[in-house]
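S.K.: Taken in order, these protein sequences are the chains called A and B.
Last residue of the first sequence? That's 306 in numbering that gives the first Met the number 0, and every number before it is there in order.
Last residue of the second sequence? That's 452 in numbering that gives the first Met the number 0, and every number before it is there in order.
Since the hints were made in silico from the structure, they are not lab data.
All figures in this text were calculated on a predicted structure; none of them were measured in a lab.
Think of the CB as a built atom: it goes at the ideal place given N, C-alpha and C, for glycine as much as any other residue.
One thing to keep in mind: the hints can contain errors.
Derived pair list, reagent style BS3-like, types lysine-lysine, alpha-carbon separation capped at 30 angstroms [what the hints assert, rightly or not]:
no., chain 1, residue 1, chain 2, residue 2
1, B, K302, A, K49
2, B, K118, A, K49
3, B, K302, A, K151
4, A, K52, B, K196
5, B, K436, A, K52
6, B, K183, A, K72
7, B, K183, B, K251
8, B, K259, B, K162
9, B, K99, A, K52
10, A, K151, B, K118
11, B, K399, B, K149
Chain B stretches covered by chain A per the calculated footprint, using a threshold of three residues with CB under 8 angstroms from any CB of chain A [claimed, not checked]:
no., segment
12, 207 to 215
13, 420 to 433
Here are the computed distance ranges between Cβ atoms for each label pair [as the list claims (entries may be wrong)]:
no., chain 1, residue 1, chain 2, residue 2, range
14, A, V32, B, G55, 35 to 45 angstroms
15, A, F111, B, K99, 51 to 61 angstroms
16, B, D433, A, L214, 52 to 62 angstroms
17, B, K259, A, G113, 36 to 46 angstroms
Chain by chain, the residues:
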Amino acid sequence: MAASVHKLVRKDGKKSHNILAPLWFLLPALILVAIFIYYPVFATANMSFKNYKLFDQSNIFYNGFENFRGIFKDLHFHRIIQNTVLWVSVSLFFQFFIGFGLALYLKPKFKFSGLYQGIIFIPWALSGFLMGLVWKWIFDDNLGVLNDMMLKAHLISTPIPWLSNANWAMAAVIIANIWYGVTFFVIMILAALQGVPNEILEAAELDGCGKAKSLFLVIIPYIRPTLILIVLLRIIWITNFPDIIFGMTSGGPNEQTHILSSWLVQKITYDQDWGSGSALGLLMLGVLFIFTIFYLLATRLEEDSEG
Amino acid sequence: MIKSLATRKSAAAVTAIALAISVLTMGTSSAADATWNCKPTKAKPVTVRLIEYFAGPARTPLLNAYARQFEAKNVGVKVEIISPSQADSPAKITQLLQAKNVDIVEPAGAILGQAMSAKQIANIYPYFSKTKGWAGLTDYSKFQAQLFGKNTTYMVPNGYYVKAAFVRPEPIAAGAPAVLAKIKKGTATWADILAAKSSNTATASMYAMRGARASFTQAVFIVRAYNAPDLNSGGYWNKSTKTSMFNSAASKEALDLMMKIWHEASPAASVAWGYPEMVQGFIDGTAHYLIQDNEVIQMVDEKFAPFDSGKWIMAQMPKGPTGYSAQDVSGGGWSVAQSSKCKNIAANFLDFITTDPQHSSFARAYGVGPVTKTAASDPFFKTGAWAIYDKIGKDPKELKLDGSDVAQTCYGEFFTQADKDMQAMYAGSLSTTDALKQWATFWDTKCVNPYKK
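The whole structure should be built from the sequences, with the hints applied where relevant.
M.R.: Written out as structure tokens, the structure reads:
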């Protein structure tokens, strides 16, 4: 059946194999991918070895690994790496578990469950930058609603410097990011949960499984491939998600809330240092690529050993 | 033989005429340049793309209205206004210039210097100086338009941004009445601003400091006040030593005072304040004293209280120990891109929006200082909150700098680095001594010293 796909009927009535036929069909997609994905990657790679500052376009030249050296030598580099790890791990942890909990809660049908699901999904439909601006006013040191509520509830006696202190500011952007990303896990896990056949759950119940046992021994193993995939996707997306940070702190104070991707945006848009920004982009691409391979290999190895 | 001689003679005549034409057209390349002779028709329309730097509700609709009026008067011309957010505009303008995909730009801040060094801006003087728009400019606007040399125009001014203080008298009267009296007289110093920390309350502070983008301008205000009148016309060099002003002992004293004002008289949150947050901070009462440009008048008037209510007053910027202050009075403007395929049409549109009543309506609506003679004589710009600018204009101890140093190519790099240094100083990881040393070295090594040209 599959082979017959490649057999074309010639004018003389004879059948011939044309192995190029699938390539012709793929060509439009390949061209688009090449133009919009691979060309920018190669252009970025090329630019990362150049002194390319928009402030002085008369002085553009190849400078070897200087941009990469500059990144590693930057005063804030270690803090930015720490921030990135913290940003991804803490955000992911809370987004996943809160999202999982909400998905389990939303799975059974109840009155207005559709409306409730719709409300929960709203954050995912909003612009990250816009949400950053909203959270910025919520966390505002002087006029923010959060400090105001905490003061009125006597939880604090002086306003917390949410956005003017580096550590508080990092906590604030992570809180906002957790809120923003929970929805993604709810949507994906809920979809996966709805795919678990009721017969299996009923069989588990007949075999004496309680709700907790069903969850850990039936549901989670069943939706495990989905969980692996969405966790991987989310790690990549959170790493590449500077929107909220830019909306709330622009990486400040003193560049202490930057993560790699927000630092990259700053280098391109504010510093106008395209060479250094490209080098950072290339490094991020490399790190995420290696991480993805290891992650997929590790989860596969685990599956094999279980199998 | 005769035929050959005749041919040679005619050939020589043609060559002579060609040579004469080429010599005559040397130096007036714009006349021969096809990009200055665009002739749009209904069948062959032309689109002129303009990108603004300071897009906003007060001016963007007006610019679009002018574009439609211009289109109606010029068959075959379409004017497209591009209005990025102010945070994005520097990058967007730079990218469009680089992509050669724009006709008119508003090269504010560091963009003009960098675009000129990359030869991306056209000299429109030969064409524009013959227009009605040029004839209507004030003498100072003509001087600004020729800042880079006589008979060269790389930017046509579209409005002046003059710094003044927006003051809430009530809280200052309660905590620092003596300082308020000085502020009203126009004799308050930066040391007085620190002294007025006594007007701080649990939720409000005296001074609206700037911590985010362009925070270094705060340092420049105070450092200039401490160095004036020993400043060049651009305001970054000492006349006496012919080196960067950041080398002087007065600069160190000024920056130390600025840090005290930051620690003791400013809201902690202002470390993250950029332009909108500073204005909002004043409007909502978090800060009593704000230094900003004239276009803020309209915002404060609308969002806080009308000027006539007396809830806020306008004052001159604080002075240094010698009684002087200094600021750039250079403003923004429009430039025609070198890559424009229809420079004459672009220049015609600039002529249209620079002519009154278009410009005066623009200046009134957006709240910028007028660039034309007729608009400058409009009583609107001399009364109410605007009266302060008349006072500033007449005060010989408030030096008006021409912006020539801000237009240097090196300024863009200084801008970004100095902003980072300000953040580091606020966070306590950089001393004022080290910051000044870096800035002085930067200006002395990377910029053009006007005394050593």
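S.K.: Does each hint fit the structure? Answer for all of them.
M.R.: Structure-based check of all given hints:
1. Proposed proximity of B:K302 and A:K49 is contradicted: the alpha carbons are some 48 angstroms apart, above 30 angstroms.
2. The suggested pairing of B:K118 with A:K49 holds, with an alpha-carbon distance near 21 angstroms, which does not exceed 30 angstroms.
3. Between the alpha carbons of B:K302 and A:K151 the distance comes to roughly 27 angstroms, so the proposed pair stays at or under 30 angstroms and holds.
4. At roughly 42 angstroms between alpha-carbon atoms, A:K52 and B:K196 are farther apart than 30 angstroms, so this suggested pair is violated.
5. Restraint check: the Cα-Cα separation between B:K436 and A:K52 comes to about 24 angstroms, which is no more than 30 angstroms; the hinted pair holds.
6. The suggested pairing of B:K183 with A:K72 is violated, with an alpha-carbon distance near 50 angstroms, which exceeds 30 angstroms.
7. Between B:K183 and B:K251 the CA atoms are separated by roughly 28 angstroms; this keeps the pair inside 30 angstroms, and the hint holds.
8. At roughly 22 angstroms between alpha-carbon atoms, B:K259 and B:K162 fall within 30 angstroms of each other, so this suggested pair holds.
9. Distance check on the hinted pair: B:K99 and A:K52 sit about 17 angstroms apart at the alpha-carbon level, within 30 angstroms; holds.
10. With a CA separation close to 59 angstroms, the supplied pair A:K151 and B:K118 exceeds the 30 angstroms bound.
11. This hinted pair checks out: B:K399 and B:K149 have alpha carbons roughly 20 angstroms apart, not beyond 30 angstroms.
12. Counting residues of the segment 207 to 215 of chain B whose beta carbon lies closer than 8 angstroms to any beta carbon of chain A gives 3, which meets the minimum of three for the stated coverage.
13. A count of 5 residues in the segment 420 to 433 of chain B with a Cβ less than 8 angstroms from any Cβ of chain A is obtained; the coverage claim is therefore met, three being the minimum.
14. Against the hinted window of 35 to 45 angstroms, the Cβ-Cβ separation of A:V32 and B:G55 comes to about 40 angstroms, which satisfies the hint.
15. Distance hint for A:F111 and B:K99: a CB-CB separation of about 56 angstroms, consistent with the stated range 51 to 61 angstroms.
16. As the Cβ distance of B:D433 to A:L214 is approximately 58 angstroms, the hint placing it in 52 to 62 angstroms holds.
17. In this structure, B:K259 and A:G113 break the distance hint of 36 to 46 angstroms, their C-beta atoms being roughly 59 angstroms apart.
The structure is inconsistent with the numbered hints 1, 4, 6, 10, 17, although it conforms to all the rest.
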